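These protein sequence lines map, in sequence, to chains A and B. Okay, so the first sequence: first residue is 1 according to my numbering, each after it adds one. Okay, so the second sequence: first residue is 1 according to my numbering, each after it adds one.
Just so you know, the hints here were simulated from the structure itself, not pulled from any lab data. If a hint is listed, it holds; no wrong ones were tucked in.
A short, non-exhaustive set of chain A residues, derived as facing chain B with CB atoms under 7 Å: (1) R104; (2) W109; (3) P253.
The following label-pair restraints were derived from C-beta to C-beta distances: (4) R149(B) <-> E186(A): 55 to 61 Å; (5) E386(B) <-> N23(A): 38 to 44 Å; (6) P195(A) <-> F427(B): 36 to 42 Å; (7) Q424(B) <-> P200(A): 30 to 36 Å.
Straight-line C-alpha distance at most 25 Å; calculated BS3-like pairs for lysine-lysine: (8) K265(A) <-> K210(A); (9) K100(A) <-> K210(A); (10) K100(A) <-> K418(B); (11) K210(A) <-> K418(B).
Small disclaimer: the values here were computed from a predicted structure and weren't measured. For each residue, glycine too, the CB sits at the ideal point set by N, CA and C.
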Amino acid sequence: MPTMNLIQAIRSGLEVMLERDPNVCVFGEDVGYFGGVFRATQGLQERFGPRRVFDTPLAEGGIIAAAIGMGLNGLRPVPEIQFSDYMYPAFDQITNELAKLRYRSGGEWTAPLTIRTPCGGGIRGGLFHSQSPEAYYTHTAGLVVVMPSNPYDAKGLLVSSIESDDPVIFFEPKRLYRGPFDGEVERVPPWRDQPSAEVPEGHYRVPLGKAAIVRPGAEVTVITWGTMVHVARAAIEQSQIDAELIDLRTLVPLDLETITASVQKTGHCVVVHEAPRTSGFGAEVIALLQQHCFYSLEAPIERVTGWDTPFPHAQEWQYMPSRQRIVQAVERSLAA
Amino acid sequence: MDDSSPSPLVGKPHPAACYAGMVPLRDPLPLELHVPNPPHRPGASPILAPFTEQPGDLPRPDTLAPFDALRDHATGLVRVLDDQSVASGQWNPQLTAQQLRHGLEMMLRVRHFDTRMMAMHRQGRVPFHVTSRGEEASAVAGAMAYAHRDVLFPSYRQPGLFLVRGMPLVAMMCQIIGNRFDHTLGRQMSVHYSWRAGNVVSISSPVGTQWPQAVGAAMAFAYRGERHVVGVWSGDGTAAQGDFHHALNFASVYRPPCVLHVVDNQWAISTHRSLATGGRTFALRADAYDLPGLRVDGNDFLAVYAAEQWAIERARRGGGPSLVELVTYRCDAHSTSDDTSQYRADDEPACWPGGDPIERLKRHLVGLGEWSDESHAQLNSALDHEASATFEHAEAYGSLANPSEISPISMFEDVYVKTPDHLQRQFEELQSEAADQERLPPTVPFSKPQQRAVG
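With these hints in hand, go ahead and build the complete structure from the sequences.
Here is the structure:
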């Protein structure tokens with residue numbers, strides 16, 4: 001089986017779906033001829049032609065609106081927003097239009113979009129190339145919110161998202177594109193050493209709404225998603241604590257069953273995310289866990305997050321949750 | 001570098017930046033913030049100049065003519081009916097008497113529908129309504145020019161469009177009431193219809209969002225090589241939105257088969273069109289995108305139909321999008337929640353130079369010998385009866401006084417294709433709350449001061 005990095009896996013997912021479904025089309029800023037600023041769509045226009053894979057004006061609101069129109073008129077569009085920091089001009093179209101179309105029309109009209117967008121920090125991108133805005137989209141009914149953390153899941157979840165008749169916001173942690181960043185700032189470990197980089201060439205699905213137990217454990221549950229999966233794993237290995245690591249993969253719908261089963265088993269929980277703390281998706285996870293696992297909890301649930309500041313440039317590594325902070329939170333939880 | 005070294009952050013302007021301030025200002029005008037004011041406020045005696053443009057002023061180019069062959073059409077006014085309601089000029093669409101009578105009947109049906117809904121609102125039997133009085137031609141003639149497979153994106157002020165596309169009057173009234181035959185299942189506010197059977201897309205309240213969506217829908221037709229056309233409508237106020245530019249720009253870049261309509265009815269709630277644009281006309285904006293723009297007398301049924309037919313044929317032949325400005329007047333308030341006496345002169349609607357679209361088409365048909373005052377009176381009375389009887393019919397499925405049961409589960413459906421677990425749990429939570437309420441005696445909060453726990 002070939003090994004792929006995360007960007008190759010995304011490309012392979014797009015390729016499979018472009019082959020299988022003539023209504024699938026891929027477009028966005030720099031997506032067509034050039035193949036995308038992160039090269040996710042490299043070679044796709046050459047192979048499928050400019051009708052199926054094309055460039056757009058620099059107008060995120062227009063891209064998503066046009067995609068909605070294409071979607072409700074029979075296509076299955078996969079628009080790319082170049083950075084999730086640039087999705088806000090399309091916020092009205094996503095939250096008021098796309099998310100509510102099926103509901104407001106009594107099921108008459110739907111638009112099965114998959115909006116791909118790179119997110120997260122760790123690339124020296126500063127305020128406007130580093131954000132993790134997933135919580136905004138989890139707060140709007142009607143959207144599915146996905147964030148894979150490895151190549152195998154990325155392709156399988158992308159295929160499921162494109163095949164889904166619900167609109168999907170598909171976040172791609174950009175620091176993971178070329179290697180599983182584990183908190184070691186200057187190192188880019190290759191994907192090829194990871195089992196999750198073994199990606200089948202053809203069609204397969206990873207189901208939406210199902211979390212993955214990355215590492216089973218008995219003492220404490222660490223729940224996270226995106227880039228932090230790898231940082232948390234490194235932190236757990238470093239601490240030698242028998243922690244169970246859960247990668248949510250899909251935030252909405254949330255796999256409540258998997259996380260409650262784990263926390264009921266361990267009695268301790270740490271939630272880790274890169275996004276700012278206040279009203280981050282961790283708050284929702286923790287609220288649900290205290291409701292469903294209250295009598296199993298032996299310590300307050302800890303959270304390790306980005307700070308409630310804009311994402312800084314020079315202080316990037318003080319902003320992003322580090323292995324050290326995760327280890328400290330796990331130890332606090334176990335000491336309580 | 002040690003701490004005593006000077007900070008590199010202290011600077012002064014480069015000499016290159018010093019020239020601009022040295023040039024003396026020649027003949028300055030007063031500089032102040034220009035805030036436009038509409039021509040007539042309450043209490044004023046409004047005067048609106050008659051149209052100077054006449055039928056026959058503008059040629060009708062071939063539908064594949066280059067966009068700039070229509071430059072005069074973007075600043076002029078396409079008219080077919082003159083002030084005596086006689087048709088002339090190249091734009092005369094040569095409709096049959098039967099087609100004209102259909103158009104007249106449809107416009108009158110809309111008028112009676114609006115009148116009935118307003119009356120029922122006053123009686124508390126309709127929660128909310130938006131009328132289109134005075135603008136019926138723009139929606140009815142517009143919609144009549146489209147083929148069934150074409151896809152239409154109206155705003156909330158085109159009820160005539162839904163009727164032409166086959167939405168039954170009773171279905172529109174059930175939607176307005178929000179009863180069990182409401183096509184949108186009680187979810188949308190009144191007049192936000194959806195009619196997939198007629199290829200009319202669901203209406204949302206944020207204005208202009210449907211514009212770039214419509215262009216996208218047209219891109220889907222182009223993608224599949226299908227010769228169908230997409231039409232989209234909004235008011236003049238919407239032309240100020242970013243989505244308006246997105247739509248025109250995507251239309252201009254990808255050239256899909258679509259027709260974009262600004263129904264310039266002069267007012268957006270209390271916002272006059274002079275605040276929607278500092279430009280002369282909306283149609284003129286098309287020029288900047290290399291698209292044809294047509295400014296049309298929106299109360300002239302024949303002119304609206306003709307312009308529509310031209311733009312649709314252009315799109316179907318592969319000539320790309322057009323922008324059509326329909327010049328009309330919003331005779332009623334924005335909605336049942338609005339009061340025009342607070343911001344515009346009472347007599348302004350009556351002096352609109354475009355007159356009344358129904359009167360003008362009626363006069364035209366009478367002039368052709370195809371209609372009479374008697375047949376008009378008969379039709380009026382039949383449609384008046386139709387509107388009131390249909391409303392009674394609609395209320396039989398649930399009225400505001402006797403609401404029909406809409407199952408609470410329906411609130412949780414259609415959020416996603418399949419209701420996910422967390423919504424199922426929330427539905428169960430709602431049900432158990434309802435069950436608790438049935439068990440407990442009803443609480444009357446703050447009914448008597450002495451029973452209040454606090455204060």
